[in-house]
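One line per chain: the protein sequences are A, B, C, D, E and F, in this order.
Residues 1 to 256 in full-length UniProt numbering are what the first sequence lists, from first letter to last.
Residues 1 to 256 in full-length UniProt numbering are what the second sequence lists, from first letter to last.
Residues 1 to 256 in full-length UniProt numbering are what the third sequence lists, from first letter to last.
Residues 1 to 256 in full-length UniProt numbering are what the fourth sequence lists, from first letter to last.
Residues 1 to 256 in full-length UniProt numbering are what the fifth sequence lists, from first letter to last.
Residues 1 to 256 in full-length UniProt numbering are what the sixth sequence lists, from first letter to last.
Treat the hints as calculated values from the structure; they're not laboratory data.
Don't take every hint at face value.
Put simply, identical chains are the same to the list, so a pair is met inside one copy or across any two.
Stated by the list, open to error - Straight line, CA to CA, 20 Å or less: simulated EDC-like cross-link-like pairs of lysine to aspartate or glutamate:
| no. | residue 1 | residue 2 |
| --- | --- | --- |
| 1 | LYS106 | ASP151 |
| 2 | LYS56 | GLU207 |
| 3 | LYS56 | GLU206 |
| 4 | LYS18 | ASP34 |
| 5 | LYS18 | GLU147 |
Protein chains: 6
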Amino acid sequence: MRIDGRDNKQLRPVHMEKHFIKHAEGSVLITVGDTKVICTASIDDKVPPFMRGGGKGWITAEYAMLPRATEQRNVRESSKGKVSGRTMEIQRLIGRALRSVVQLDKLGEKTVWIDCDVIQADGGTRTASITGAYVAMVLAFAKLVEEKKIDELPVHDFLAATSVGIDPEHGIILDLNYSEDARAEVDMNVVMTGEGRFVEIQGTGEEATFSREQLNELLDMAQFGIQQLIEIQRSTLGELALQIDMKRNGESGSAS
Amino acid sequence: MRIDGRDNKQLRPVHMEKHFIKHAEGSVLITVGDTKVICTASIDDKVPPFMRGGGKGWITAEYAMLPRATEQRNVRESSKGKVSGRTMEIQRLIGRALRSVVQLDKLGEKTVWIDCDVIQADGGTRTASITGAYVAMVLAFAKLVEEKKIDELPVHDFLAATSVGIDPEHGIILDLNYSEDARAEVDMNVVMTGEGRFVEIQGTGEEATFSREQLNELLDMAQFGIQQLIEIQRSTLGELALQIDMKRNGESGSAS
Amino acid sequence: MRIDGRDNKQLRPVHMEKHFIKHAEGSVLITVGDTKVICTASIDDKVPPFMRGGGKGWITAEYAMLPRATEQRNVRESSKGKVSGRTMEIQRLIGRALRSVVQLDKLGEKTVWIDCDVIQADGGTRTASITGAYVAMVLAFAKLVEEKKIDELPVHDFLAATSVGIDPEHGIILDLNYSEDARAEVDMNVVMTGEGRFVEIQGTGEEATFSREQLNELLDMAQFGIQQLIEIQRSTLGELALQIDMKRNGESGSAS
Amino acid sequence: MRIDGRDNKQLRPVHMEKHFIKHAEGSVLITVGDTKVICTASIDDKVPPFMRGGGKGWITAEYAMLPRATEQRNVRESSKGKVSGRTMEIQRLIGRALRSVVQLDKLGEKTVWIDCDVIQADGGTRTASITGAYVAMVLAFAKLVEEKKIDELPVHDFLAATSVGIDPEHGIILDLNYSEDARAEVDMNVVMTGEGRFVEIQGTGEEATFSREQLNELLDMAQFGIQQLIEIQRSTLGELALQIDMKRNGESGSAS
Amino acid sequence: MRIDGRDNKQLRPVHMEKHFIKHAEGSVLITVGDTKVICTASIDDKVPPFMRGGGKGWITAEYAMLPRATEQRNVRESSKGKVSGRTMEIQRLIGRALRSVVQLDKLGEKTVWIDCDVIQADGGTRTASITGAYVAMVLAFAKLVEEKKIDELPVHDFLAATSVGIDPEHGIILDLNYSEDARAEVDMNVVMTGEGRFVEIQGTGEEATFSREQLNELLDMAQFGIQQLIEIQRSTLGELALQIDMKRNGESGSAS
Amino acid sequence: MRIDGRDNKQLRPVHMEKHFIKHAEGSVLITVGDTKVICTASIDDKVPPFMRGGGKGWITAEYAMLPRATEQRNVRESSKGKVSGRTMEIQRLIGRALRSVVQLDKLGEKTVWIDCDVIQADGGTRTASITGAYVAMVLAFAKLVEEKKIDELPVHDFLAATSVGIDPEHGIILDLNYSEDARAEVDMNVVMTGEGRFVEIQGTGEEATFSREQLNELLDMAQFGIQQLIEIQRSTLGELALQIDMKRNGESGSAS
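Next comes chain A alone, as it looks inside the complex (with noise of 0.2 Å):
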């Protein structure tokens, strides 16, 4: 049994509080064992300047942690005057992850800004940045189109995101907490749609390899856990996820 005796294809409790910050066009809390991060969706009326007169929307990500989210103080980014390589490649990740599902000419030219704050750190933030960050980016949209600015919401899958891992002591395992990761040999985050399909695959061995029947295991158990991960953002979502099933049924943006 895991060191907060799960097994080893077990999910920690996953909790979303929709609606969190009052300003946000969307907002999610999302609960994921001991980690908590605040994901809101702000949406702005212009793109980038790459992208003008394109007719297409976009969207962007920033992540940050609170100085106190985690075991020791960390020193501010703002102090520092500086982003880490680390936040800056989470929050490519988290861009990147949500442009999948969401159909940009749909949009038209609007900016949305996904904005992760992690309260409170204990393994996972970035999957699970993303898992509530897809919330909130949906109830944006449901704002839009009640604000009649759009006609319906732009997005034709869900899109949720989980770790796996290789314990040395436990193998193969799901949805690391803070001290299943620092001692991992294997660190994979997986993120994919309600279809089953790969939005990102990040695989490393830190100081180790891993071998394909390895990739296949830890992919499977990926899998599991983002199906359950689904259908908590579809709970959460109610009536809107309906919508999002009847587009997934309509049409698709899989690599052919």
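The hints should help you fit chains B, C, D, E and F onto chain A, whose structure is shown.
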């Protein structure tokens, strides 16, 4: 009646949730109307270089807002690569205020890092930060006492803050929300102790001025509000509040 | 008697040299004891983006110290690549104070850049900066009137500033020099108009507090000093001072 | 047939010129089609502070492009004053990949600085950097052995990287050049060892997704390309390659 | 005899490889002994804001070193987040020197971006950069002529640079390598035209001084070296050199 | 006759006010026509890390302009967050020039910080800075002698600087003011010792060139001006000048 139905000398609803962040030595989520601030106190077992060897402790504060804490999304200070003048002014104010009620020599060579992160803003974020940070700091000190790292709470009085201002329509008002603050002719932040002594007065006429009589009325109203805030701190801190009261009766750091 | 032989309510010798810098629209070298500040006012024929089209002017201030203005050489802020919190706080204070006595709508869409550069420091640099910058600004306005770019001085009152404090040995004192400031228990900067109305009060107890009675004595002494500073401004400005007096009698921007 | 006449599973011509930079302990100019990268390995006789006293070595990498390596001139990151997210992501990837095949404990407290400077870019710069940096690093280790600073090459396997992707017209292709990369629906970078174990998989659908079957085909093709790259490393390293083979047969750092 | 066997007035072997970087409008790899610099010239179809509407072109230069160009690895300027004083001085020198032989009015409103990237350094990198950048720039101009964007090469003379110095043992020497430069008492960089006119003289005694007679000898030797460098430029440029000679005979931009 | 009535070989009026800043070990306000620079010399009892243990001193210089020293207000370098290339070039020049006449080994492990702050600019600010900084530095050394921290002035000669140039109308002229500098075809700064030896020559043709004959005339005129500047230094320094003369007769640091 004011925009949100309050009368001139009425505070907004105030709530404090202790131990909101599990990793921090002390933490509180303070809610003042729609303003919400996560305050944490972290203990570091050393002091800055200019204080080493003096046997005294130090308290320093950082303040930030989530990008979507406000009506319009703000650019993150970490992205801009620098901290604004407003942020620095607030950080210095919070640190200075807290130091006025702490017996730094009884703390020993430790630094208390206060972090005030505004997750939702509707005016009065700096005064809410001070009021909440005081409680987070006392909780952190209580943990040090519990771990037998210090003998007693090194705090000789309560400390809270509020704003008062002159509204063009309503005259002198207490605890301004954002829309009141935006139109106020005079804005004043007051930090006071449980004994009713001033720690900080910052009164500003933006494109306006104020008389000595108006100043006196503003200060009376601030004191009225701060006494109520200290009662809420007292009930949040429970038994710890009694320890502070005992210290208060024994000694005083006031200017003679 | 105080360290430099003054009695408690005595200002240091004050002198202002007009037109000290030939290129600036307005300039003054203000000397307050051993504190010397070059104040210049520069006129720019546009306002910041957030004010364009509003027909009103703007005033903004910058403050700096030469590295060897102080007893110990300071690292230049341009070398450090960032401006300190203290500098930003002072810059904001100077700009805000000047704006309170200027009729920005009569100035038209112009920006006044105030630069206060301390070439020698011995306490009270921010209050000397305000007192000198006021004169430099009026001189720049007079040049605009002369060049027929505006009709009259857009200034409705005088403005000056000084510090007061509580000294552990001497009690309440006026116009603190550096060594007095370093040991003061309470330090207060007061900005007032010629009419005796407050523009800004910043009172701070560093590891100390102060009572309402002490506050009243501090404010009385500040007013006493500021009245003398305004007399010196008056004699420096000569005929221009009379124009301001006439405006003062005609109108007022004070909070009702 | 692809734009440059290759078939889907064909690498571009690859060449490595050893000892290209005379000052570096190890260096190589790697050419992959029109992509050219100078890779150097520098040995520093200390490790970063967080590793001191642990007896282990460290490997860190930096990556940059000359401004005119690309079709359009890029602004230099030193002029912008900050390093982009893309650059940081690549730097972290290179360092992590190399560390996976090095016996850091046998290196002793030394840091290997890898510099990958792209002088001409036509896609695949990060994978060419890894493939070239591996050779530069082994050459630097050989110099340490020669100088009797370490006993043997602290490397237990080969390491190379390539890209695979899904092209809208040609389907799954190997070693994408710039124009292929720009239009690919799915892009994947794979880092593998001589034994055929994975070190890193980074697969990304930009506004697209991919199935488990497509993933398997992508990985097969990547492995096919990497085996050829390792043969070229082997012939570049000559006798040193045999030493690595002997180590490979003796031990393994793979996840169990 | 000097450390590398040269006599006092002997240049190191010089070689220029044209079209070294395929994307740049003009490029050359210049080798002077062990010093190697990639020089590229990029054409941008606009000029900086301060020159718009004037009908003239502009030339600007950037200079950098790869981290391991030198004996000891240097920290990258992009990592430090700022460009050193030495780099800025060299950049300004290169741009200024090139502008002295270009007819900016015949270029039209275009900017030439010169990039000089030192890939291996052994003294004289700034003079090698100027000598190589001149050739890269002429090649870029030739491309503009070919594309009929300008009528003729807007260059009225050749331009090259070298260093001379006073060595404590050998006296006055030409084209100092790194170890000679490190011990030289006087160091002088000279930029001259094909006509033998000066464009720039920078002579410096570091903790030493030099007489008028020594200055004259230094300048004679510099001219001797520069004439040879121009011959090498001439043979690299081939037919383009003849076009420059014809222009040189027709007109001159020298001070009267 | 030149724009300000001078003939070609006439300096502007020069004045030096000693001890202008009370805190600095040495200070001078130098006035050259309308150019005014505050020069201070500060002594620090340690040297930079790369010089520790060598028993020698170091001299470093910083240069800045007040924002309104110029006709148009300049943005402060501290606000821009970086120091311009021009500023760095001047700082390096000042430090290098001063070091050439100081016996660093007789100074011991001390750093002299030179600060040159231009409060009003009308051309020639860098040469005025060198000429004034020399005097400030000697005054600081005299203070060290007085305090018995060193035995004698560690200075073996005088040092001053001026500019010469080629004016399109007047030909070769001495000590250019701003408007002359702006239209000069050739601009040259010369730093010389009391013995008439060169320390630095920086001659530049901006979009122009100059002949050997013109160079000789420029240098003659520079020497003529510098001799007068040294006479003014001599009379400012009084008795200290005699001590320098005695040292000058005893020894020399010139290149053999």
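Checking each numbered hint in turn, tell me which of them this model violates, lowest number first.
When the structure is compared with the hints, none of them turns out to be violated.
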